[in-house]
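Starting from the structure of chain A, add chain B where the hints point.
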Amino acid sequence: MAEEWRHPSARLLTLRRLEVAIVTVAAAIAIVAGTSASTLGVVGGAVVLVCGAALTWFQQRRFHAWGYAEREDDLLVRRGVMFARLSVVPYGRMQFVDVTAGPLERAFGIATVRLHTAAAATDARIPGLERTEATRLRDLLAQRGEAQAAGI
Amino acid sequence: MSDYEQWRRLHPLTPVVRGGRATIALAIILLPGILAGAHSTRFVVEVGVVAVLIALGYVRWLVTRWRIDEDDLRIETGLLRRRSLRFPLSQVQAVDVVRPGLARLMKVAELRLRVGGSTGGSARLAYVGEREVEPLRAMLLELASGPRAAESRPGGDVEEHVLTAVPTGRLIGSILISDVGIVAEAAVAALIAVAIVSPSAAAAALSAGGFVFISTFIGIWRRFNQEYRLTVADTADGLVLRGGLVALTTETIRPGRVQAVRMVEPFFWRMLGWCRVEVDIAGRQRSEGEGQAQRKPLHAVLPVGTRDVAEDMLDHLLPDRPRRQEPPPRRAVWKSPLRYHILAWGRTDTCVATTSGRLRRVTSWVPLAKVQSLRRVQGPVQRRLGLASVYVDTVGRRVHAAIRDRDVGEADSALADLTELARSARRDQFAGPRGRSR
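These protein sequences, in sequence, are chains A and B.
Everything in the first sequence is counted per our numbering, starting at 1196 for the first residue and increasing by one.
Everything in the second sequence is counted per our numbering, starting at 6 for the first residue and increasing by one.
Hints were generated in silico from the structure; no laboratory data involved.
Do not take every clue at face value.
Cβ-to-Cβ under 7 Å is the rule here; a few derived chain B residues that face chain A [unchecked claim]: (1) GLN377; (2) LEU379; (3) ARG380; (4) ARG381; (5) GLN383; (6) GLY384; (7) PRO385; (8) SER394; (9) ASP398; (10) THR399; (11) THR424; (12) ARG428; (13) ARG431.
Listed next, with one range per pair, are the computed distances between beta-carbon atoms [unchecked claim]: (14) A:THR1209 - B:LEU85: 45 to 53 Å; (15) A:THR1209 - B:VAL188: 35 to 43 Å; (16) B:ASP77 - A:GLN1255: 50 to 58 Å; (17) B:LEU90 - A:ALA1342: 24 to 32 Å; (18) B:ARG227 - A:ARG1273: 24 to 32 Å; (19) A:VAL1237 - B:ARG363: 44 to 52 Å.
Bear in mind that the values here come from a model prediction, so they are computed numbers and not experimental data.
Positions of the beta carbon are idealized from the N, C-alpha and C atoms, including for glycine.
Chain A with its partners taken away, still in its complex shape (with noise of 0.2 Å):
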C-alpha cells in the first residue's frame, strides 16, 4: 500500500490563523473596552490573546494533520490531532461529490471537496484545496466514481 499522501494548501493555515486572530482580537478589545480599562479587563485581555496564540499553534497541528491520498480503488482521507480519523471510501462507492467555498475561502482562492456515500456517517471532506486542485479531485473522483459504480 504504497500511497501518496497530498496535504491542503499553505493558505488554508493562513485562513485558520487568521480566523482565530480576528476572534481573539475582538474578545480581547471587548472585554478591555467593556471593564472601561480596568486592572482585571486588562489582565482578562491579555489572558484571551494568550489563549488565542495557543489556538493558532493548535490550528497548524490540525493543518498538518490534514492528508488525502488517491489509491487504485479509493481515497484516503485523514484529518485530526486529538481524534486522529483514517477514511476509506471507495470510489464505487460515491454517490456525488460537492466542491464549497465560503466568502472567506474565496477570498484565499481555496475550497472544500467532500465526498457523499449512501451512509450517513462517511466522513470525508478535504478543506483548503486550491482550486485548480478542487476541480482536477472533483473531475478525477466524478470519473472514478462512473468507472466502478457499484450498486447499494
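Quick look at chain B alone, frame taken from chain A:
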C-alpha cells in the same frame, strides 16, 4: 400485464381514507348540527368548509394517475404544480402492502415501493382496491427482479416456507420487560402510588409529563400493533413479512437487498435468553397522513425469540457469517469499562460482525459487499493505551458496526483487510448473477 400500461386512477375511496382521522373528526363536528336540524349561519359555514375539503380531496384524486411503463412505475400528480415521478423498478429494495384500520373497512390497501439511495424516497400508491393489490405486488416484484428470475420461477402460486411466527403471549411479555416497557411500568406504578397518597400531586405530575407519557405509550402500542402475529416466510420474491393488529402490513424484502442485520438483547431479555433480530434495507420510509402508524426505523424479522430461533434466522439471512468473535485486549477495560465485557468482533471473507453495548447487547452483521466506507478513529485515551477503533459505515444511519478498542496493529490490519475484502466482494456482486442490483 398490458392492463397496467394505460394511465390508471387510484381507488375512488382514496380521499376518504387519506383524510383518515380528519374524516372521523369532521363527522363528529357535523353530527350535532345535523341532529339539531339547525339552520344557523354557523352550521352553513361548517358545511361549506367540509364541502371544500372534500372537493379538494377529490380534485387531488382526479389529477393523480399512474401506470407501469416497461421498467418504470410512473406517477403523475398535482393540479397547479404538476409532478411527474418515475421509479425504476430495478432499483426497488422492498415492496410493502399497508392496510391501516380505516383502509381495511373501506377494502383498500396502500402499496409502497422503497427505492434505494441516500435521498431515495418511496413510491406510494395509496390507495388501491384490495382485490387488485396482490396481483399488482406480484407483478411489480417480477418486473423488479427482471426477466431472468421470472423464467426460472415455476408459474402460478409462489411457494412459501414459513421461517418464524411469534406467539402473542411472548410478544406481550417481551414488551413488558423491554427497556421502554420497564420504564413505563415503573412510571405507572409510581403514579398510582402517588395517587393513593395525594391525588392532587398525581394529577399535577400527569399534566406535567403528559406528553412524554402519551408518546411513550403510543410508541409501545405501535410496536405491538406492527409485530402482532408477525410471520416471516421465504419465497422466490424474497423474505415476506406479514403482521399487524389494526393495520395489516405485508412487506417483501428482495434477496440481496439486506444492508445489515442486527441482533438486540436488552438487559432483562438476556436473563430469559431472548433476542430480537432486525434487518436494515436502503431507502427510508416517509411518513405522511395515515401511513404514519407504519413508520419504523428497522424491520424486525424476529420481534422476540430464543437464541436457537435467532440462529436459524441468521443462518438463513447470512449463511457465511463469522461464528467466532474475538474480545478486545484486556487494557480496553480502562477505555470502555461498561462495554468491555460485551465488545467483540469477527469476520469471514464476505461478512463482518461486531458486538457492542453497555446494558443491552447489540450484535451487527454487515455483508462486505454492502460496506460504504471504512474509518479508523483514535482518540486521546485510546492513543495512550495503544488502541484504535474501526467503523464500518453502512447505508443510512441506523446500524452502527464498530470494531471498538482494538490493539493498534490489529485495527490497522483489520482496516486493510476489510478494504480489500469489501472490494472483491463488491466486484463479485457486481459481476455475479445479481448484477442488476443497481
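Hint-by-hint comparison with the structure:
1. GLN377: Holds - the Cβ of B:GLN377 comes within 7 Å of chain A, reaching about 4 Å at its closest.
2. LEU379: holds, 4 Å
3. ARG380: With Cβ-Cβ at 5 Å, under 7 Å, it holds.
4. ARG381: With Cβ-Cβ at 4 Å, under 7 Å, it holds.
5. GLN383: holds, 5 Å
6. GLY384: holds, 5 Å
7. PRO385: holds, 5 Å
8. SER394: violated, 10 Å
9. ASP398: holds, 4 Å
10. THR399: holds, 6 Å
11. THR424: It holds, given that the least Cβ distance between B:THR424 and chain A is near 5 Å, below 7 Å.
12. ARG428: Interface hint status for B:ARG428: holds (6 Å vs cutoff 7 Å).
13. ARG431: holds, 5 Å
14. A:THR1209 - B:LEU85: 45 to 53 Å: holds, 51 Å
15. A:THR1209 - B:VAL188: 35 to 43 Å: Cβ of A:THR1209 to Cβ of B:VAL188: about 53 Å, so the range 35 to 43 Å is violated.
16. B:ASP77 - A:GLN1255: 50 to 58 Å: Holds - the Cβ-Cβ distance for B:ASP77 and A:GLN1255, about 54 Å, lies within 50 to 58 Å.
17. B:LEU90 - A:ALA1342: 24 to 32 Å: holds, 30 Å
18. B:ARG227 - A:ARG1273: 24 to 32 Å: Violated - the Cβ-Cβ distance for B:ARG227 and A:ARG1273, about 43 Å, lies outside 24 to 32 Å.
19. A:VAL1237 - B:ARG363: 44 to 52 Å: Taking Cβ atoms as reference, A:VAL1237 and B:ARG363 lie about 49 Å apart, which means the hint holds.
The structure fails hints 8, 15 and 18 (numbered hints given earlier, in ascending order).
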